[in-house]
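If you're matching them up, the sequences are chains A and B in order.
Under numbering that gives the first Met the number 0, the first residue of the first sequence carries the number 0, and numbering increases by one thereafter.
Under numbering that gives the first Met the number 0, the first residue of the second sequence carries the number 0, and numbering increases by one thereafter.
Please keep in mind that the hints were generated in silico from the structure rather than gathered at the bench.
Here the structure is a predicted model, which is why all the values come from computation and not from measurement.
Cβ atoms here follow ideal geometry from the backbone N, Cα and C, with glycine treated the same way.
A portion of the hints provided could be inaccurate.
[Said to hold, decoys possible] Negatives, chain B to chain A, calculated, CB over 10 Å:
#, residue
1, Lys43
2, Leu63
3, Pro249
4, Tyr476
5, Val894
[Said to hold, decoys possible] Simulated crosslink set (EDC-like; lysine to aspartate or glutamate; CA at most 16 Å straight-line):
#, chain 1, residue 1, chain 2, residue 2
6, A, Lys26, B, Asp66
7, B, Lys173, A, Glu93
8, B, Lys847, B, Asp764
9, B, Lys847, B, Asp546
10, B, Lys847, B, Glu876
11, A, Lys97, B, Asp240
12, B, Lys327, B, Asp286
13, A, Lys64, B, Glu333
14, B, Lys226, B, Asp181
15, B, Lys173, B, Glu99
16, A, Lys12, B, Glu266
17, B, Lys581, B, Glu597
18, B, Lys293, A, Glu93
19, B, Lys226, B, Asp240
20, B, Lys442, B, Asp464
21, B, Lys808, B, Glu937
22, A, Lys12, B, Glu137
23, B, Lys393, B, Asp434
24, B, Lys519, B, Glu484
[To be verified] Here are a few chain A residues that face chain B, going by a calculated C-beta distance under 7 Å:
#, residue
25, Phe48
26, Phe123
27, Gln126
Here are the chains, one letter per residue:
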Amino acid sequence: MIKAVIMMNTQGKPRLTKFYDFQPPEKQQELVRTLYSVLCTRPEGVSNFVDVASIFGPDSRLVYKHYATLYFVFVYDSAENELAMLDLIQVFVETLDKCFKNVCELDIVFNYGKLHTIIDEIIFGGQVLETNSAEIMRAVEEISRLEAASSTISLVPKSVSNWRSR
Amino acid sequence: MALSGMRGLSMFISDIRNCQNKEQERLRVDKELGNIRGKFKNEKGLSPYEKKKYVWKMLYVYMLGYDVDFGHMEAVSLISAPKYPEKQVGYIATSCLLNENHDFLRLAINAVRNDIIGRNETFQCLALTLVGNIGGREFAESLAPDVQRLLMSSGCRPLVRKKAALCLLRLYRKNPDVVNIDGWPDRMAQLLDERDLGVLTSAMSLLVALVSNNHDAYWSCVPKCVKILERLARNQDVPQDYTYYGIPSPWLQVKAMRALQYFPTIEDPSSRRSLFEVLQRILMGTDVVKNVNKNNASHAVLFEALALVMHLDAEKEMMSQCVALLGKFIAVREPNIRYLGLENMTRMLMVTDVHDIIKRHQAQIITSLKDPDISIRRRALDLLYGMCDVSNAKDIVEELLQYLSTAEFAMREELSLKAAILAEKFAPDLSWYVDVILQLIDKAGDFVSDDIWFRVVQFVTNNEDLQPYAALKAREYLEKPAIHETMVKVSAYILGEFGHLLARRPGCSPRELFSIIHEKLPAVSTSTIPILLSSYAKILMHMQPLDSELQRQISAVFRKYESCIDAEIQQRAVEYLALTVKGPALADILAEMPKFPERQSALIKKAEDAEIDTAEQSAIKLRAAQQGSNALVVADPLPANGTPPVGSLGLVKVPSMNTNTNYEATQKALPQPNGALSEMDSQQAIPSPDLLGDLLGPLAIEGPPGDAAQSEPGSASGAEATSNVVDALALAPVEEQPNSVQPIGSIAERFQNLCIKDSGVLYEDPYIQIGIKAEWRAHHGRMVLFLGNKNTAPLDSVRALILPPANLKMELSLVPETIPPRAQVQCPLEVVNLCPSRDVAVLDFSYKFAASMVNIKLRLPAVLNKFLQPLSLSAEEFFPSWRSLSGPPLKLQEVVRGVRPMPLIEMANLFNTYHLIVCPGLDPNPNNLVACTTFYSESTRAMLCLIRVETDPADRTQLRMTIASGDPTLTFELKEFIKEQLVAIPANPRAPPPSQAPAPPPAQAPTQVAALTDPGAILAGLL
Chain A
0 MIKAVIMMNT QGKPRLTKFY DFQPPEKQQE LVRTLYSVLC TRPEGVSNFV DVASIFGPDS
60 RLVYKHYATL YFVFVYDSAE NELAMLDLIQ VFVETLDKCF KNVCELDIVF NYGKLHTIID
120 EIIFGGQVLE TNSAEIMRAV EEISRLEAAS STISLVPKSV SNWRSR
Chain B
0 MALSGMRGLS MFISDIRNCQ NKEQERLRVD KELGNIRGKF KNEKGLSPYE KKKYVWKMLY
60 VYMLGYDVDF GHMEAVSLIS APKYPEKQVG YIATSCLLNE NHDFLRLAIN AVRNDIIGRN
120 ETFQCLALTL VGNIGGREFA ESLAPDVQRL LMSSGCRPLV RKKAALCLLR LYRKNPDVVN
180 IDGWPDRMAQ LLDERDLGVL TSAMSLLVAL VSNNHDAYWS CVPKCVKILE RLARNQDVPQ
240 DYTYYGIPSP WLQVKAMRAL QYFPTIEDPS SRRSLFEVLQ RILMGTDVVK NVNKNNASHA
300 VLFEALALVM HLDAEKEMMS QCVALLGKFI AVREPNIRYL GLENMTRMLM VTDVHDIIKR
360 HQAQIITSLK DPDISIRRRA LDLLYGMCDV SNAKDIVEEL LQYLSTAEFA MREELSLKAA
420 ILAEKFAPDL SWYVDVILQL IDKAGDFVSD DIWFRVVQFV TNNEDLQPYA ALKAREYLEK
480 PAIHETMVKV SAYILGEFGH LLARRPGCSP RELFSIIHEK LPAVSTSTIP ILLSSYAKIL
540 MHMQPLDSEL QRQISAVFRK YESCIDAEIQ QRAVEYLALT VKGPALADIL AEMPKFPERQ
600 SALIKKAEDA EIDTAEQSAI KLRAAQQGSN ALVVADPLPA NGTPPVGSLG LVKVPSMNTN
660 TNYEATQKAL PQPNGALSEM DSQQAIPSPD LLGDLLGPLA IEGPPGDAAQ SEPGSASGAE
720 ATSNVVDALA LAPVEEQPNS VQPIGSIAER FQNLCIKDSG VLYEDPYIQI GIKAEWRAHH
780 GRMVLFLGNK NTAPLDSVRA LILPPANLKM ELSLVPETIP PRAQVQCPLE VVNLCPSRDV
840 AVLDFSYKFA ASMVNIKLRL PAVLNKFLQP LSLSAEEFFP SWRSLSGPPL KLQEVVRGVR
900 PMPLIEMANL FNTYHLIVCP GLDPNPNNLV ACTTFYSEST RAMLCLIRVE TDPADRTQLR
960 MTIASGDPTL TFELKEFIKE QLVAIPANPR APPPSQAPAP PPAQAPTQVA ALTDPGAILA
1020 GLL
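One chain only, chain B, in its complex shape (with noise of 0.2 Å):
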C-alpha cells in the first residue's frame, strides 16, 4: 500500500496522536510545519517523493485545523508531475486546499487540460475530479467541449465517462452556456439508453441538474426516464454488483424519479400509462423487513415515488393510497421511517388537497410530538402546524401548549411562535385566542418575542367586547406568585387601559389593582417600568370617585422615578406627575387608546420571512408553483403552511370583531385613528425603547387637539411633541385616508417580474393581496386573478376594471363586490392578442376597507413578450429567410446607445428569458448575438422574427441592432421593446440611465388612458 509506505507521515501521524493535549499538538505541529516550510525553500535538493510526502502531511494538518497557505503553490506545481503518484497527491490537495476563485488554480489550468485531451485515462480521472470538485467559470469556458467529447466517446472506459458526466454538471452550474450546443438534448437523451449503470445514474444526476432549471428542451428524455425505471423496477434488469441489498440500484431509480420530478406532467399516454405501472408496482410491494439496510434502500425508492405521484397528481384513488401508506409510516418502529413520514406528509399538504385524509392521523401525529427523538418531534411539530385549520385547532393548540411546558430549550422559541401565530390565526373567538397567548407567556416567557404581546394587546384594544375578559384574566395572572415579566408588562398594560371595567367586582377597586400590580415594579427591568408607571397614570385616571389615598400613593411613585438615571422612565415621571395636578383635563389627555389599524401580523410576516430564505428551488416547491388550484398567490409563502382550502379559510369566525359599520362609528367616536399617530413616532423628541416602540410611544401623550393645545408649552418635551401631533392629524383628515395605505414592495418591481414569470404577485397592501397566474398559449392567454382578502374583517365596494390598449381584446369575468374576511376569489381574465403593440393594459381596482375607499392602478403582465414562443433555428434555417427580408418596413437597423453595460452571456440570458431564443454559433464574430422567435397575434399569426445584435467590445454601452419580420409594425415593436430592456433597467423603470438617447416610444392610447386617471402612478411605470 503506497501510503503507509510513507513511514515519514505515519510516524507524524502518530506523533500527533501521542500528544496529550491540544498544545501539544501545537507545538508539534508547529516543528513539522516548519520542517516544511524550510524543505520547500530550497527546493533542488527535494525528489518527487519527498514533496508527495511533505504535502500529505500538510493535508493531514489542514485537516486538524492549521492554516497551510505557503503550501499551495506547492500542491498546485505536482499537478504537473510526470509521475502518477505525485500527480495524485497534486490533484487531491488542491480540489482540498484551494477554493474556484484562487488565483493559482490559473497556473494549473493548462496542465489540467493537457490531462484531459491526453491519452492517459488515469490522468483524466484525476484531473476531471480536479475540475469536478472546484473548477469555474473559466474552466468551463475552456474546457467544457473537451469534456463533452470524453463523455459521448464510446471509446472511454465508464470510469471515465461517468466523471465527465458530473464534471459537465459542474461546468454547467458555473456557466449554463456549456450546453448551449445544437443538438444536447438529443445527446442527452441518447445518454440514458447506456447499459452501464454507473455511466447512466452520472447521467441521470446531469438531466436532474439540466431539467430543474429548463425542462422545456428535454422531452425526448421522458419515455427515456420511464423505461430505466421499468429496466430497475419491474426487470430487476441489472448486474447482480447493482443491486443494493436486493434492490436494484436504488439511487438511480431515486434520480430517474426526481428527473421527471421537474416536468410539469407526462402527457404520452403510453409512457404515462407504463409509469404508473411502475409506481403502483413500487408503492405496493415495499414492506417493512427486519434488514435495515434493505429498508432503507426500499423506502428511498417508496418515498421518491410518493413524491412523483404527489407531482403528477395521480387520480385520487392513488393519493388517498399515499396517504395511507404515510399513516403507517408514522407509527412504525423504525425511526428513520416515522420521520421521512411525517416530512412527506409535511410536504403533500403543500401540494395537493389531502387535508381531511391527513386529518384522521392526528392523534398518531401528536403523539410523535412526544417521540425520544428530536429530529422526529420538530417533523411532528411542522406537520401539526401546516395541518392546522378552523376545525383543528383548539385541538392543536393545546397540544403544543401542554408540550411547551416538556419541551427542551431548543424548541421552545419556535413552538411558542408556531402556537402563537395558529392561534391568531384560526382563533374560532377571540377570548381564547387571549387565553392562549397569556398560557404562553405563563408557561415560556422567556420564549415569547415582544411581537406576540404586542399583537395580543392589538387585539384587545380593538374588540369592545374582549376587554373586560382580558383585564379579568391579566388581574387573575397577576395574583399568582411567580411571574414572567412578560407577564407583568402586558397585564399591567391591559389593566391600565381596561382594568376599569372591572370596577364592580371583588378586589378590582382602583387601589387593589395598583397594589397588585406595584408589588411587581421592584423585581422588574428597566424596560417594564415605564408601563408600569403608564398604567398607574391610566388607573389614576379611571378612579371615580376620586381616592386622594391613593393619589398620594401614585404622585410618591411618580416623584421616586423624577430623578431617574434611565430617561424614559424619568420623562414619563416627570410628565405624569405634572398631569396628576391637572385635575379633570388629565382624563382628556390620557384617553383611552384608539384602535390600531388592521395591519399585517408581525408574527405571521416573520414566519413568512423566514420561508423565504430557504431558496433552493426543490422540485416540490417547484410543483407548488405549477399548481395554481388554491394556493393564495404562489410567490406567497403561505402555501408552505398549508395552503388550507379557500372555504375553510373563509370559515375563519371571529365575532366580536369589528363589523364595518361599527368601525365607523368608532372612528366617529375617536378622531384620530392609532396608525396617524404611530406614524409620528419617528418625528417624536420622546426617546423611547426600540422595542416597544410601536405599542408605548403614543401611550404617553394622548387627546383631542384641543386638550392637548391647553398643556402649558414648555412644560415638557412631550407637550412639543404633541403639537406636532396636532399639525399632522389637521393634515391628514380621515377622507384622505387611502393615501396612508402603502404598498408592500414595489409595483414596478413586481410587474417586471411578471413580464418574466407567469404567476406571482400583482399588488399588495396591508389589506388585499392581488396575484396573477397565466397561461399563453399562441396570440390567446388566460390570466387569473386572486383577490385576498387579508384581514378579519370583509372588503367591500371591490370593483375591479381593465382598461385594455387597441392591440389586447380582454374580458374580465365577474368580481364579486365583497371579499369575505380572509378568503381570496379568482377571477379569470381572457386575453387576445390582436396585433404586435407595446402597450400595456390597465388594471383600475378599487375597494372600501372600514370606511376608507382604495384605488390603485395595477400594469398587468400582459406584454409582447407573453405571445412570442421560443424557437430554435439552423444555419441552413437562419440565413435564407434572413435574406428574404431586405430592407426597411421589414428589416430594422438601429444603432442604440445608452446601453445598460452587461457581459454578452448576460444579454443572452436576457433574450432567452424573453423568448428571444440566442442561436449560438450562426454569427461567426464572437461579439454579436444572433436570436429568433415567433410572433403570435390574430393579425399577423404565426410570425417569424430575427434579431441580430453586434456589440462592440470596447464600448459596451453601444450596439447595433438589426430586426426583422414579415410585418412591419411587429418588426419596429419589436425592435422598441427590445430596447426598452436593453437601456433601462428593468428593475427600477423610473430611473433609466441619463444617457438613455433613443427618443421615448410615442405615448399611445393606453397611456393617456391610464394618465387621465392617475397620471403620476401610471406614467412613470409605463415608460
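With the rest of the complex left out, here is chain A (with noise of 0.2 Å):
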C-alpha cells in the first residue's frame, strides 16, 4: 500500500501532502520536516531509494524523485514494488505535464485543487488506479469541465436532473 504522497519544494515548503494512513496534523508536519532534512542531504546521482523505517516506522519504504525544484515522494510499504513506485511518479509527473504544458513549481502552488484530482485519478486509497497517463487526462479534463460548467451557469448534468425528478 502506499502510504503517503508528499510533494515539496527545494527548501522545504510542502506542496501537495496526502497521507493515506491518517496521521495528525503536527505528525504530518513534523514529518515533512524530517523528510526534507534526509533528501536535501543526497546528492547527485544515487539511487532513489531511501530508508525510512526510522521515521515512518516499520515496513516503509520511500522513493523520490527530484525535479527542478520539486522533490516527488512516495511512501509505501512490501507490499508494493519498488521500481513500480517509482515509475508511478514518473506517470503523475508526465501527467502534471500535460495538464500544465511544460509543469513548473508556479503551477503546482496556483492550482492546488487540481493536484488533487489529479492524485485522486492515479491513486486511490492508498492503491495503483490508473497508470495510463492519457486516461488520466481524460477523467481530469472531464472533471474540470463538470467545474466550468457549473460554475457559471447552474447547469445540473442531465444524468442528475433525470435521477432527482424521479
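Assemble the dimeric complex from its two separately framed chains, guided by the hints.
Listed below in C-alpha cells is the structure:
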C-alpha cells in the first residue's frame, strides 16, 4: 500500500501532502520536515530509495524523484514493487506536464485543487488506480468541464436531473 | 480552469508566498482563518461558490500545518450539495481532513450512499473515492453490497468500476466479511477476464489483498493470472496507451506476479508450464538500456519475476540463473538497480539454499559497502550480515571493522552491533572474538552498547584458556594515549579479574597494572569509577608477595571515595577499605568471579526483537514460513539472518569452550554458579546502577558461605546481603538446577497458538528451542519436531517420549542422544487419528546440559480441529442433512453460559480459524451462526458436522449450541471442543472465567498419564 504522497520544493515547503494512513496534522508537519532534512542531503546520481523505517515506522520504504525545484516522494510498504512506485512517480509527473504544458512549481502552487484531482485519479486509497496518463487526462478533463459548466450557469448534468426528478 | 477562476484563493496563495518569514505567514493565515470562521458563522449569506472557495483555502492552510478543526463541519456539509463543484470540494476536503473514526463522517454516510446508488457516475466516483480513502467499519457494513454491484455491473463505465474495486479492497480491510458471500471467489475469477486494463489492474490489487489473507478460496484465479501474464509479457497484447516506455503495463504484470506469490505452489501442470515460459522470457529478455524510465519499468517486472521464481522454488538451474542476474545487477552503473540487486540477494538468502552461489559475489558486495549512496551501503551491510557464516566470518567482520572508521555516524551503531553479533556467532576461535570486540570498542566506543562488552566479559570469564590472552590485550589497549571510556571499563574489569595471570610478564606487576588503570581515573565518569575500585580491590587481593606501598596507595584511593556523593562509589569504597584490613580473608571474599551460566546473547536477542517488529507479512516472508526445509523454526526470527544450513551451523568450532566434563569440574570447585547470585541481585539492598547490574552486582561481595559469615555483622550493608546469598544457596543445591531453567515465553500460549497454526515454536528455554511444523491430510498427520541446541556446548542425554492418548496413533522417529552445539535436528512424527476425542498427546522431553537434567512435558498440538477440513454448504445441501440428523445422540443441544463475550463477527472468525466454516445467510436470524466442517478419523472416515449457534444479543455471555453429525462420540466431542473455545480465554487457559458453568470434561486416559508424571504442569494446561 502507498502510505503517503508528498510533494515539496527544494526549500522544504510542502506543495501537496496526501496521507493514506491517517496522520494527525502536527505529525504530518514533522514528517515533512524530517523528510526534507534527509532528502536535501542526498547528492546527485545516487539511488532513488531511502530507508525511512526510523521516520515512518517499520515496513516503510520511500522512493523519491527530484525535478527542478521539486521533490516528489512516495512512501509505501513491502506489498509494493519498488521500481513500479518509481514508475508511478514518472506517470504522475508526465500527467502534470500534459496538464499544465511544461509544468513548473508555480503551476502547482496555484492549482492546488487540480493537483488533488489528478492524484485522486492515479492513486486511490493507497492503491494504484490508473497508470495510463492519457486515461488520467481524460478523467481530469471531464471533471474540469463539470466544474466549469456548473460554476457559470447552474446546469445540473442531465443524468442527475433525471434522477432527481424521479 | 475552475480553480484558477477562484481569484480569492489565488490572491491568498500569493500573499502567503510573499511572506518573508514564518511569523508573517502565521499572521496572514490567522487573519484568513478568522475571516473564514466569521463567514461560516452566519452561513445564510454564503453562496455555494463562496463556501467552496473557503474550504479550498482551509485545505491549503491545513497543508501548511495549521489547525482547521472548526471547518470540518463545513467540509462535510458540502458533500450533500447538489452541484458538482461544491460536492467535489466537500469530498476532497473531507477525505483529507478527517480520519475514519471521526464522528462527522457518520453524518455523511447517508449522503455518500445516495451518491453511490444514484445514477450520476461522476457523483459515484466522488463518493467511492471518499470511502476508498477514509471509509471505516460502518461504511463497510452499509455500503459493501452497493460497491460490489457497481464493480460487477457491465453497464458501468470502467472509470467507476476500477474505483469500485479498490473501494471494496478498503472495505475488506475494515471488515473481511464483506466478501464472505456465496460465489464471491467465482466473481473474482470472472473479474480477471476483464479486457479494460484499468479495471483489471484494480481488480488485481483487490485479489492480492484477498489472497494475502487466505488463498484457499481463490485457486481458480491462478490460471487467469497466468493468462494475463502471457497476454502482457508474451503476446504484448495491450492498447498502446497502456504500454509504458515500451513495456506492457508493468504495474499489472507486477501485481499479477505478486498475487501468485501468495499461493504455496502452482500445481496445475499447464499453468505451471506457461508461467515458467513467461518467467524465463522475462529473465532472459531484460537488458539494461539507456533510457532510465524504460530501465526502471523493465526491471520492476524483472525483480518481481525473480521474487516469483524464488517463491516457486524453481529448478536449481533457474535459481542459479537468478543469482547470476543479481550478481550482474549489483555491479551495474544504475544505482537503483544496484540497490535492488543487493536487497533481492538478501531476500534470496531468506528463502533458498543459494549461499554458496551468492558467496561468489562477496568481493563485489564488499565494494558496495563503499558506495557513495548510504541507501546502497545499508543494503550491502544487510546482505553481508545475512550471508555471513563460519567460512567467511573472518573476512566479513574484518571488512566491517575497517569500514567502521569511515562510516557515517548514522550507520555506526548498527554496524558495530552487527559486527559484534557476527563475531560471536561465527567465531572460529574465541581469541579472535575478543580481538574483534576490543577493536570495535576502540574504533567506535560511542556506538558500542553495554551489552557488547558485558558479553565479552562473560566469554572471558567462562573460558580459562582465554583469560591470559584477554588480559594481555586489555593491558595493551590501556597503553594507548586516548581510549574510550568503555575500553577503560572492560580493560579494568579484565585486568582486575585476570591481571594476575600476567604477573611474570614485563610491565604487568600489580603495581604497574594499578598505575596504568589509575591513570585513567581522573577522566572517567561516575559509572566507571565503581569498576575501577573493584579492580583495585582485586589487584590487592592477588598481590603476592604483599607490596605494602601499593596497599597504602590503594587504601588511599578507597579513603578518598569513602565520602563520595555517589552512593554506589561510596559503598564500594567503604566496603573495600574495610576488607583490606582483613588480611588473608580478603582472598576468600574477593575470590574470582565464578562462571556465568550459558545464556542467550543479549545482542542476538536484541537483533531478533528488532526483526519481530516488522509485522507486515510480505509474500516473501510468508514463503519463508511455508518452507520448512532448514529454518531453525519458522517463528524464530533467525531465518532473517540467512538461515544458514544446519550443517554449517554445527561446524562452529569453539575449541576452548568448556566441554561438559570440565564444566562439571569447575562447578565442583566453585560451589555457586553465577546465576544463583545474579538472581539474588534484585533482592539485595545494594543499589547498583542499572546498566551495570548484570555484571557488577555480584562482584562486590563474593565468597564461600563460611567466609562470608565471618565478616563482621553490620560492618556494611553488604554483609547482610551476603547472608541472604548464603541462605539462597543453602536452599538451592546444585542438584535442583533444573528448576532454574526457565522457559522463554509462555508454554500455554505457544501451545494455543500452534493449535491454530501449523508451524511455530512449541517450547524454548536458554538451552533449547523446540519447533514444530505439521501437515494434515484427512486423518493423517505428519509433524516434524525441530530440536535446536542454542549453545556452544552439546546437549546430552536427549530423550523424547510420546505419550499418545487412546485416539491417536503416533510414531516418533529416532531422536539422537546428543545435539551438537548450535545444531538443529529434525524428528518426524507420524500421527493417525483413530476416533474422535479431545485428548491431547504429551511429549515427555528431557536433556542434560552441564550436569543438570532438564525434564519438560509439553502438550502436542495434534488437537481435534487439525482433523477438520473446511467445507462450505449451500442452503440446499445443508437443510436436508440437518433434518436427517434428528435428536440425541447424533444431534445434541446445550445452553452454554459463561461465554467470553464477543461480537458475532469475532465469533465467526474464531470458528473459521478452527476450520468450522461459517455459512452466512443460512440462518435468517442475524444473531445466529451456522457452520459446517468435515471431520476425519479412521473410525468415522469423512464425517459431515453441522453446527448452529444461537446467541442472545441482550446477553452475550450465554448461547445455545446445537451440534449434529453422523457419529455420537463425534457430536459430543465436537460440542465440548467448541465449548472450550468459547468459554475459556484461549491465551490463558489456567484462568477460566469464574462464571464458567459447564462441568469440566471428564478426565481421560492421557490426562492421567500426564498427571502421573507431572501433575502440576500438565493438568493445569489440559483443561
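Here is how each hint holds up against the structure:
For B/Lys43, the condition that its CB be more than 10 Å from all CB atoms of chain A holds, with the nearest at approximately 19 Å. Not every Cβ of chain A is farther than 10 Å from the Cβ of B/Leu63; the closest lies at roughly 7 Å, contradicting the non-interface assignment. Annotated as non-interface, B/Pro249 brings its C-beta within 10 Å of a C-beta of chain A; the closest such distance is 6 Å. For B/Tyr476, the non-interface assignment is confirmed: its Cβ lies about 33 Å from the closest Cβ of chain A, beyond the 10 Å cut-off.
Distance check for B/Val894 against chain A: the nearest CB is about 44 Å away, which clears 10 Å, and the non-interface claim stands. For the hint pairing A/Lys26 with B/Asp66, the CA-to-CA distance comes to about 12 Å; that is within 16 Å, so the pair holds. Distance restraint check for B/Lys173 and A/Glu93: the Cα-Cα separation of roughly 34 Å exceeds the 16 Å cut-off, and the hinted pair is therefore not satisfied. Taking the CA atoms of B/Lys847 and B/Asp764, the gap is about 13 Å. The hint holds against a cut of 16 Å.
Taken as a hint, the B/Lys847 and B/Asp546 pair is broken in the structure, with Cα atoms around 46 Å apart against an allowance of 16 Å. The suggested pairing of B/Lys847 with B/Glu876 is violated, with an alpha-carbon distance near 57 Å, which exceeds 16 Å. The straight-line distance between the Cα atoms of A/Lys97 and B/Asp240 is roughly 14 Å, inside the 16 Å bound, and the hint therefore holds. Among the hinted pairs, B/Lys327 with B/Asp286 is consistent with the structure: their alpha-carbon atoms are about 11 Å apart, no more than 16 Å.
For the proposed pair A/Lys64 and B/Glu333, the alpha carbon gap of about 15 Å is at most 16 Å, so the pair holds. Proximity of B/Lys226 to B/Asp181 is assessed by CA-CA distance (about 25 Å); at most 16 Å being required, the pair is judged violated. A distance of roughly 10 Å separates the Cα atoms of B/Lys173 and B/Glu99; the hinted pair therefore holds under the 16 Å criterion. Restraint check for A/Lys12 and B/Glu266: the C-alpha separation of about 53 Å exceeds 16 Å, so the hint is violated.
A distance of roughly 34 Å separates the Cα atoms of B/Lys581 and B/Glu597; the hinted pair therefore is violated under the 16 Å criterion. Note on B/Lys293 and A/Glu93: the hinted pairing holds, with a Cα-Cα distance of about 14 Å set against a maximum of 16 Å. Proposed proximity of B/Lys226 and B/Asp240 is contradicted: the alpha carbons are some 20 Å apart, above 16 Å. Distance check on the hinted pair: B/Lys442 and B/Asp464 sit about 26 Å apart at the alpha-carbon level, beyond 16 Å; violated.
Proximity of B/Lys808 to B/Glu937 is assessed by CA-CA distance (about 10 Å); at most 16 Å being required, the pair is judged to hold. With a CA separation close to 36 Å, the supplied pair A/Lys12 and B/Glu137 exceeds the 16 Å bound. Our distance criterion of 16 Å between C-alpha atoms is met by B/Lys393 and B/Asp434, whose separation comes to about 11 Å. Of the supplied pair hints, the one linking B/Lys519 and B/Glu484 holds, its CA atoms being roughly 9 Å apart against a limit of 16 Å.
Because the beta carbon of A/Phe48 sits about 5 Å from the nearest beta carbon in chain B, less than 7 Å, this interface hint is met. Annotation: A/Phe123 was flagged as interfacial toward chain B, and the flag holds, the nearest CB pair being 5 Å apart, inside 7 Å. About 5 Å separates the beta-carbon of A/Gln126 from the nearest beta-carbon of chain B, less than 7 Å, and the hint is met.
In summary, the numbered hints that this structure violates are 2, 3, 7, 9, 10, 14, 16, 17, 19, 20, 22.
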